Amino acid sequence: MFKKLLFATTASPVCDNAAKVAFDLEVKWEAKLLILHVMGVPGRAFSLQFTDVRTGQREDISPDYVEWVKEEMNNTYGKLLEDSNAEIVTAIGDPYREILRLARKEDVDMIIMGAHSREEDIGATKHRSVTGSTMRKVAKAARCAVVVVNRPCTTCWRLFSNIVVGTDFSKASFSAFLWAFKLAREVGAKLHIFHSIDITAEGLTLPAGQTTIEQRVKEARRRIEQTYIPKLQGYDKYSMEVWEGIPYVEILKFARDRQADLIVMAHHTREIDPEEAELGSTVEQVVLRAACPVASVTHPDKVADLV
Amino acid sequence: MYEFVTGPLAWLAFIVFFVGIVVKLVLYIRGLDWKLDRVTYSVNTSYGVRGALRSIGFWLMPYGTQSYRNNPGFTLALFVMHIGLILTPIFLLGHNILLAERWGVSLPSLPEGATDVLTVCVIAAALVLLLRRIALPEVRIITTAYDVLLLAIAVAPFVSGLLAHYAHDNGQLWTIVHVLCGEVFLVAIPLTKLSHFVLFFATRAQLGMDYGIKRGGMKSKGIAW
Amino acid sequence: MPEGVLCNKNKVNTLEQLQALLADKSGKQYYQEMNNLDVDSKALWDLVQKTCKSRTRTWLEICTHCGLCAESCFYYLSNHRDPTQVPSYKIQSTLGEIVRRKGKVDNAFMQMAMDTAFSKCTCCTRCGVYCPMGIDMGVMFSYLRGLLFSQGFTPWEMKIGTGMHRIYRAQMDVTTEDWVETCSWMAEENADEWPGLEIPVDKENADILYTVNAREPKHYPEDIAQAAILFHVAGENWTVPSEGWEETSLAMFAGDWEACKMQVEGVYGAMAKLKPKRMVVTECGHAYRATVIEGPYWAGRTSGKPPVDSFHYVEWVAEALRSGKLKIDPAKKIKEPVTYQDSCNYIRNAGLWDSARYIMSQIAEDFREMTPSREHNFCCGGGGGLNGIGRYREQRNIGLKVKRDQILATGAKLVVAPCHNCWDAIRDLEEVYEIGIRWSFLKPLLINMIEVPAGMRGEE
Ligand code: SF4
Ligand code: SF4
Numbered sequence: 006m007f008k009k010l011l012f013a014t015t016a017s018p019v020c021d022n023a024a025k026v027a028f029d030l031e032v033k034w035e036a037k038l039l040i041l042h043v044m045g046v047p048g049r050a051f052s053l054q055f056t057d058v059r060t061g062q063r064e065d066i067s068p069d070y071v072e073w074v075k076e077e078m079n080n081t082y083g084k085l086l087e088d089s090n091a092e093i094v095t096a097i098g099d100p101y102r103e104i105l106r107l108a109r110k111e112d113v114d115m116i117i118m119g120a121h122s123r124e125e126d127i128g129a130t131k132h133r134s135v136t137g138s139t140m141r142k143v144a145k146a147a148r149c150a151v152v153v154v155n156r157p158c159t160t161c162w163r164l165f166s167n168i169v170v171g172t173d174f175s176k177a178s179f180s181a182f183l184w185a186f187k188l189a190r191e192v193g194a195k196l197h198i199f200h201s202i203d204i205t206a207e208g209l210t211l212p213a214g215q216t217t218i219e220q221r222v223k224e225a226r227r228r229i230e231q232t233y234i235p236k237l238q239g240y241d242k243y244s245m246e247v248w249e250g251i252p253y254v255e256i257l258k259f260a261r262d263r264q265a266d267l268i269v270m271a272h273h274t275r276e277i278d279p280e281e282a283e284l285g286s287t288v289e290q291v292v293l294r295a296a297c298p299v300a301s302v303t304h305p306d307k308v309a310d311l312v
Numbered sequence: 434m435y436e437f438v439t440g441p442l443a444w445l446a447f448i449v450f451f452v453g454i455v456v457k458l459v460l461y462i463r464g465l466d467w468k469l470d471r472v473t474y475s476v477n478t479s480y481g482v483r484g485a486l487r488s489i490g491f492w493l494m495p496y497g498t499q500s501y502r503n504n505p506g507f508t509l510a511l512f513v514m515h516i517g518l519i520l521t522p523i524f525l526l527g528h529n530i531l532l533a534e535r536w537g538v539s540l541p542s543l544p545e546g547a548t549d550v551l552t553v554c555v556i557a558a559a560l561v562l563l564l565r566r567i568a569l570p571e572v573r574i575i576t577t578a579y580d581v582l583l584l585a586i587a588v589a590p591f592v593s594g595l596l597a598h599y600a601h602d603n604g605q606l607w608t609i610v611h612v613l614c615g616e617v618f619l620v621a622i623p624l625t626k627l628s629h630f631v632l633f634f635a636t637r638a639q640l641g642m643d644y645g646i647k648r649g650g651m652k653s654k655g656i657a658w
Numbered sequence: 005m006p007e008g009v010l011c012n013k014n015k016v017n018t019l020e021q022l023q024a025l026l027a028d029k030s031g032k033q034y035y036q037e038m039n040n041l042d043v044d045s046k047a048l049w050d051l052v053q054k055t056c057k058s059r060t061r062t063w064l065e066i067c068t069h070c071g072l073c074a075e076s077c078f079y080y081l082s083n084h085r086d087p088t089q090v091p092s093y094k095i096q097s098t099l100g101e102i103v104r105r106k107g108k109v110d111n112a113f114m115q116m117a118m119d120t121a122f123s124k125c126t127c128c129t130r131c132g133v134y135c136p137m138g139i140d141m142g143v144m145f146s147y148l149r150g151l152l153f154s155q156g157f158t159p160w161e162m163k164i165g166t167g168m169h170r171i172y173r174a175q176m177d178v179t180t181e182d183w184v185e186t187c188s189w190m191a192e193e194n195a196d197e198w199p200g201l202e203i204p205v206d207k208e209n210a211d212i213l214y215t216v217n218a219r220e221p222k223h224y225p226e227d228i229a230q231a232a233i234l235f236h237v238a239g240e241n242w243t244v245p246s247e248g249w250e251e252t253s254l255a256m257f258a259g260d261w262e263a264c265k266m267q268v269e270g271v272y273g274a275m276a277k278l279k280p281k282r283m284v285v286t287e288c289g290h291a292y293r294a295t296v297i298e299g300p301y302w303a304g305r306t307s308g309k310p311p312v313d314s315f316h317y318v319e320w321v322a323e324a325l326r327s328g329k330l331k332i333d334p335a336k337k338i339k340e341p342v343t344y345q346d347s348c349n350y351i352r353n354a355g356l357w358d359s360a361r362y363i364m365s366q367i368a369e370d371f372r373e374m375t376p377s378r379e380h381n382f383c384c385g386g387g388g389g390l391n392g393i394g395r396y397r398e399q400r401n402i403g404l405k406v407k408r409d410q411i412l413a414t415g416a417k418l419v420v421a422p423c424h425n426c427w428d429a430i431r432d433l434e435e436v437y438e439i440g441i442r443w444s445f446l447k448p449l450l451i452n453m454i455e456v457p458a459g460m461r462g463e464e
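Those protein sequences? They're chains A, B and C, same order as listed.
Quick note on numbering: the working numbering labels position 97 of the first sequence as 102, and the sequence is numbered without any gaps.
Quick note on numbering: the working numbering labels position 68 of the second sequence as 501, and the sequence is numbered without any gaps.
Quick note on numbering: the working numbering labels position 366 of the third sequence as 370, and the sequence is numbered without any gaps.
Derived pair list, reagent style PhoX-like, types lysine-lysine, alpha-carbon separation capped at 20 Å: (1) C:Lys57 with B:Lys626; (2) B:Lys652 with C:Lys309; (3) C:Lys15 with C:Lys265.
No lab work stands behind these hints: they were computed from the structure.
No experiment lies behind these values; they were computed from the predicted model shown.
So that you can see chain A by itself, here it is in the shape it has in the complex (with noise of 0.2 Å):
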């Protein structure tokens, strides 16, 4: 399932976490990884000058420095690195682009990242006068699944016993439905599909009664029965469950309760426009405050064998 990774670190202690869950899949799954380290954004114009992520220096692209990045990330890296025959391969542009770039160009199976908080992005905020976290702009247009590790995840992935998957039911959800099955299935792990009918969202703004509520609890069961069980091809860990709240909260209080190893999800295109949600969108609130990694998985690209 992972046979080529790319992890997208800041060689920060953002990523430290995100590293530790990519080499030990590296190893796991026997797979290419490849670190992408964005060094910077472009600097003036044509020049060859960019600002480098972490110092907020401007430097000048030269075989030297790269190399030197390089060096860098081995010593932060060294322990991991000694298991690893990952490739180590810089960068420079705006981070979510390049993170993009070379996940298209590569074809890689999953892209792991740190959760770069906002004030990290600010670098490229400023560069290119647009909001939104790198995080999301990967998640959002990735074609494969995109793995945002924030706390230290000490389970090995291989033993993984319980995945969440939330859906909306959008086409999107739908991938990420796939792609949770197909690892759950591989690890066998249990698979538990949830559903949380969004309180907040436009029509349900009055105080709902529950009347209404407990239809659409029943018809959102009966929506994953039909569509989506089906797709599980027999596999019967699983379990499934919807709730009613907001959709990112519940998701947390769901993860938690099932002792979630990991939760996948969608990038919501649908959801408010970027630069008006003060608190970002659904997947970055979950990740945020998620015990355990978060996939968000979009496309339909790796999962097209199941579809």
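Please build the complex by placing chains B and C with the ligands on the supplied structure of chain A, with the hints as guidance.
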């Protein structure tokens, strides 16, 4: 002496002047190169002509351009001086009497009082321009002795003319000095930077064609000078 | 060692040369070698005699030293009215001297001239609009850069830039494959949201041949996607060429006349091959100037025009809005005060101010002009290649002050800057002076504002 300076010498000065400016103009035009200048002078010429006329017209109009409007004092001095420089010698009564005596032709004349005022204005304007050259650092830095000399050459005929007209003692002498100054001025026009007498029209027309043909003249109403 | 390994009179035509230059961090060795570079006075004078004809000579000769050009130059204004920043002084002390001394100038002089031509002038040509004699010092500085380049005196980034053009026919190392691949990538990335979105490559007889700035495929491919979406919504029959897609010309900034010619011939070649009805270039000022305004002359086209009618992006947008191909949702117009950065290259030097005004009237409720504006606008501060030259960063930053004050005076917090150079300069301006503004190209603004016909946007 008077006969000589107003006779052969004057002829010479006028010949140098007229031939000089024609040569200047011809050389300028012949040196234009559509490829190097990056203006297709002979393609879309109507746009070029329009651009040239606009470029000359606006800049001949007092306060006709942004640059003039931004510098009202300078513009005043500039126009007063140039109008005086051109009108006075042509329409001065004395000159026309002389013309009539020598060649039997003459132009209409301005009343003496008017030409006197013009003369004084030219001198005053020249003084303003001179002071400006000294006072403003941005002008001082580009000012050379040559610039001052040219200013002097341009004003000398006026100063000497006034003296010749009003000096009671050495009238004859001042008149000769005045005629010489005038001749120096005439000769200096084609031979020095004063050639902007004609080249102003040439360079303005050139830039006007540049804007008219290439730099947007065909896609807009024309640059607002 | 008169001719350096990196800094010399040779042109960069091979990848090895280019890589050697790139490996020289910040051009350290390059500039060191420049100190020993000999001036070939004879060659310089020969070149002057061949290329400096009556127009330029007359300009140099008849400057009356009136000083009116002083205030027209943003460098003069931003440097506390330093007299050495008076355009006439700057050109007389450099190009004027070379001509007067018949090319007999030394290394120190050439370096001074280079510093002047690049760090004291962006070739914005504003001074030419203020000179009573019609003397265009911007044009002369551009010419001076060419003389300097012929002798090897050009900033490091310029030498690299010309090498890029010579080798890749693009200002950055983007190959044809990279470019075509980026197009399909962008089409794919947006396919869900815009079903049927295409970026057709090398389609013949299209209505529009679209060309870009190499930075777009290199760093900001979403710009290409946005262009595609807007063409798609407007229902245009368009295409991009696989070769000749890059319109910019660092060669023009550097004064590498030979490379200028090579570059535009590539674009004209694409026009000849694909026979589009017309050409539209992305939101880039100098690209338009290089390819549409000056290019025909480099390529020796007697018509003075490119092979097909060519338009800047603002012209296309204005037309699309006028004809209703693109419709703005009135509720989504920009409500906040917004101003517009007139680019010297396609406004003053190409007359497109009315298109820009029309667009603003359609997309903004509170549009505020800068003072001055249109053809009289000041350079953003980053023209002439200055944004990218490390050696002159400090001078460039000082120069930005004029634009900063102009923007502040409008009270607008959003600056529409449909030009790569202006966009960069304004971004840098915010970084240096932190005045709390945002800046944008037109495309992202338009995408958020247009009415999308039903069924055109994907389900999600
Ligand atoms: S405005 Fe023109 S004539 Fe006057 S100093 Fe400047 S370049 Fe010379
Ligand atoms: S072209 Fe622009 S930057 Fe250069 S001297 Fe003239 S006004 Fe100044």
